[in-house]
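> In order, the protein sequences belong to chains A and B. Using this note's numbering, read the first sequence as starting at 1 and increasing by one per residue. Using this note's numbering, read the second sequence as starting at 1 and increasing by one per residue.
Please keep in mind that the hints were generated in silico from the structure rather than gathered at the bench. These figures come from a predicted structure and were not determined experimentally. Ideal placement from N, C-alpha and C gives every residue a C-beta, glycine not left out. Some hints could be false.
[Said to hold, decoys possible] To be clear about the criterion: a stretch of chain B counts as covered by chain A if any three or more of its residues have a C-beta under 8 Å from a C-beta of chain A, and this derived list gives those stretches:
(1) 117-124
(2) 127-139
[Unchecked claim] Chain A residues, not near chain B, derived (Cβ > 10 Å throughout):
(3) Glu6
(4) Ala12
(5) Cys20
(6) Ile72
(7) Pro90
(8) Asp92
(9) Thr95
(10) Val120
(11) Arg172
(12) Gln178
(13) Arg184
(14) Arg208
(15) Thr276
(16) Asn278
[Stated by the list, open to error] Below, computed lysine-lysine pairings styled on DSBU-like, alpha-carbon distance capped at 35 Å:
(17) Lys123/B x Lys26/B
(18) Lys123/B x Lys205/A
(19) Lys44/A x Lys44/B
(20) Lys269/B x Lys205/A
(21) Lys123/B x Lys26/A
(22) Lys26/B x Lys67/A
Protein chains: 2
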Amino acid sequence: MREFDEKSVTAAVLARMDDCQDARFKQVMTSLVTHLHDFVRDVKLTEAEWITAIQFLTDTGKMCSDKRQEFILLSDTLGVSILVITINNPADGGTTDSTVLGPYYWEGAPELPLGANLAVGVKGEPTYYSGRVLSNDGSPIAGAILDVWSGDGEGTYDMQMEGDVGMKARGRIRTDAQGRYSFRSIKPEFYPVPTDGPVGRMLNKMGRHPMRPGHIHMIVSAVGHHAVTTHLFAAGSQYIDSDAVFGVKESLITPFAKHPAGTAPDGTKLDVPFYTVNYDFRLRKG
Amino acid sequence: MREFDEKSVTAAVLARMDDCQDARFKQVMTSLVTHLHDFVRDVKLTEAEWITAIQFLTDTGKMCSDKRQEFILLSDTLGVSILVITINNPADGGTTDSTVLGPYYWEGAPELPLGANLAVGVKGEPTYYSGRVLSNDGSPIAGAILDVWSGDGEGTYDMQMEGDVGMKARGRIRTDAQGRYSFRSIKPEFYPVPTDGPVGRMLNKMGRHPMRPGHIHMIVSAVGHHAVTTHLFAAGSQYIDSDAVFGVKESLITPFAKHPAGTAPDGTKLDVPFYTVNYDFRLRKG
Numbered sequence: 001m002r003e004f005d006e007k008s009v010t011a012a013v014l015a016r017m018d019d020c021q022d023a024r025f026k027q028v029m030t031s032l033v034t035h036l037h038d039f040v041r042d043v044k045l046t047e048a049e050w051i052t053a054i055q056f057l058t059d060t061g062k063m064c065s066d067k068r069q070e071f072i073l074l075s076d077t078l079g080v081s082i083l084v085i086t087i088n089n090p091a092d093g094g095t096t097d098s099t100v101l102g103p104y105y106w107e108g109a110p111e112l113p114l115g116a117n118l119a120v121g122v123k124g125e126p127t128y129y130s131g132r133v134l135s136n137d138g139s140p141i142a143g144a145i146l147d148v149w150s151g152d153g154e155g156t157y158d159m160q161m162e163g164d165v166g167m168k169a170r171g172r173i174r175t176d177a178q179g180r181y182s183f184r185s186i187k188p189e190f191y192p193v194p195t196d197g198p199v200g201r202m203l204n205k206m207g208r209h210p211m212r213p214g215h216i217h218m219i220v221s222a223v224g225h226h227a228v229t230t231h232l233f234a235a236g237s238q239y240i241d242s243d244a245v246f247g248v249k250e251s252l253i254t255p256f257a258k259h260p261a262g263t264a265p266d267g268t269k270l271d272v273p274f275y276t277v278n279y280d281f282r283l284r285k286g
Numbered sequence: 001m002r003e004f005d006e007k008s009v010t011a012a013v014l015a016r017m018d019d020c021q022d023a024r025f026k027q028v029m030t031s032l033v034t035h036l037h038d039f040v041r042d043v044k045l046t047e048a049e050w051i052t053a054i055q056f057l058t059d060t061g062k063m064c065s066d067k068r069q070e071f072i073l074l075s076d077t078l079g080v081s082i083l084v085i086t087i088n089n090p091a092d093g094g095t096t097d098s099t100v101l102g103p104y105y106w107e108g109a110p111e112l113p114l115g116a117n118l119a120v121g122v123k124g125e126p127t128y129y130s131g132r133v134l135s136n137d138g139s140p141i142a143g144a145i146l147d148v149w150s151g152d153g154e155g156t157y158d159m160q161m162e163g164d165v166g167m168k169a170r171g172r173i174r175t176d177a178q179g180r181y182s183f184r185s186i187k188p189e190f191y192p193v194p195t196d197g198p199v200g201r202m203l204n205k206m207g208r209h210p211m212r213p214g215h216i217h218m219i220v221s222a223v224g225h226h227a228v229t230t231h232l233f234a235a236g237s238q239y240i241d242s243d244a245v246f247g248v249k250e251s252l253i254t255p256f257a258k259h260p261a262g263t264a265p266d267g268t269k270l271d272v273p274f275y276t277v278n279y280d281f282r283l284r285k286g
């Protein structure tokens, strides 16, 4: 076959994979090509729109660096990331829901003792986090790891701060024999995803804001269990109903109880108000 | 709405465009998001496959330069480019078919006199091209422009040659009062699209060869007519049934008549065999 009309060209592209040795790759590419062609036909994409798309993808690639992943941002803001996560980590009515990893995870945060302050010298309202890590049968998991990270109290991550400030508001906490964890950090605030690149321009043209509601990230893992990549969202945070990356799940929204200045849970005397959060994580065995 | 399952997330993303002011952009993005999500659901894309896709797109962006457009190559090899061209330039039974522009067009080739040799100093078998440019009513068009380019007789374009060789095998030819054109160049040979980047790795994994059959490019334009971006393909060229970019149309395949060494159509004495090609282009009024 060497001549195609606007319908038969799709079959021609697919037929070229007859010698593909990787059955899964062939399946994925078959679906991708079919949907991509259907999209072009559905909207009757013009030649000017096509070259605009080529330029957008090229600009998105050029924006990527060690500290910036614009294609992940594109995937996040088009709801593709949360869709992939939801498909691969279906809610099973009991274990903690997953949400997006986001672009600010930094492997190798230091392990800190229970009760440690992750946010020494970091702007923001003091917040004491505590709770347990449980197996799906309800039994506490000793030695589970919470790998925690967040921006500061203004929503700025260490990676975005001026100069090479190193790790801030990050740490790994290990549960005790009763499966309990505790640490101090800040109350996370809403912030915009990066808007100075192609994805920012896309959001603007879509009529969308770039904000994420206040949240703190963690990967919770334990031997003999499936790890979960998740957030806790501050109940009542602005934009909680319109997260720019569609990451909010009801089960991950938790109250931040406000307390007047005084003695904190760890005995520290604080001359500013502080918050407490209590949340239990449940991991699936296997 | 703030919590989504793997189906409702699509509606949530689309609803975020309620404030979009550009109706066409909204239409295109609505279709794109819908198909993209359908693709992810259809194949149940894994998290590992998702990150592989992110890395592929990033690498494709990084490969783009002034002399290389890897996203156009991706579009070409997935049949998207020819689909867009076919939708926007439907065959109307009479006028010359369009095909892909390809990555080697270089604006501003010199205008040369009728009969000029575009390929002075370029490797390849001498070929004399001639014919007419006609309007769709059959009347000849005087002063039509053929903007012509090709690789050399081994399929290598000037842009790919070692060093800064400037324009080779390119030129613009203007039809005479009877709508006639003529020029000399080389017989184009099959060649591979660039395979040293992400698209080359994709083709390999798909079990596909990267070859394009021998062809010469031209944009044919005239006042009062729609310009056509097209090729002439050498009849019998290897890979004519499996062009890596799906650009072949039957109407664009033309015989290259071989002649023994001797007197060429322009009176030149040649001590090697040469070819002649005769092809009439027809442009749509409007």
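> Beyond 10 Å on every Cβ pair: is that true for glutamate 6/A relative to chain B?
violated (5 Å)
> Assess, step by step, whether the Cα of lysine 123/B is no farther than 35 Å from the Cα of lysine 26/A, and give holds or violated.
violated (40 Å)
> Is the Cβ of valine 120/A more than 10 Å away from each Cβ in chain B?
holds (33 Å)
> Looking at arginine 184/A again, its CB stays over 10 Å from all of chain B?
holds (28 Å)
> Against chain B, does isoleucine 72/A keep a CB gap of more than 10 Å to every residue?
For isoleucine 72/A, whose nearest Cβ neighbour in chain B is about 6 Å away, the distance does not exceed 10 Å, so it is violated.
> Are all beta-carbon distances from aspartate 92/A to chain B longer than 10 Å?
Consistent with the label, aspartate 92/A stays out of reach of chain B, its closest Cβ about 13 Å off (over 10 Å).
> Hint check: lysine 26/B vs lysine 67/A, CA-CA at most 35 Å. Holds or violated?
Holds. Lysine 26/B to lysine 67/A sits at ~31 Å (cutoff 35 Å).
> If we take the beta carbon of proline 90/A, is the closest beta carbon in chain B still more than 10 Å away?
violated (8 Å)
> Taken at face value, is the distance from the CA of lysine 44/B to the CA of lysine 44/A at most 35 Å?
Since the Cα atoms of lysine 44/A and lysine 44/B sit roughly 27 Å apart, the hinted pair holds (cutoff 35 Å).
> Under 8 Å between beta-carbons, do enough residues of the segment 127-139 of chain B, three at least, approach chain A for the coverage claim to hold?
violated (count 0)
> Determine whether the non-interface label on alanine 12/A survives the test: each CB of chain B must be over 10 Å from its CB.
violated (6 Å)
> With 10 Å as the threshold, tell me whether threonine 95/A passes as away from chain B on beta-carbon distances.
Threonine 95/A is indeed farther than 10 Å from all Cβ atoms of chain B, at 16 Å.
Hint violations for this structure: numbers 1, 2, 3, 4, 5, 6, 7, 14, 17, 18, 20 and 21, all remaining hints satisfied.
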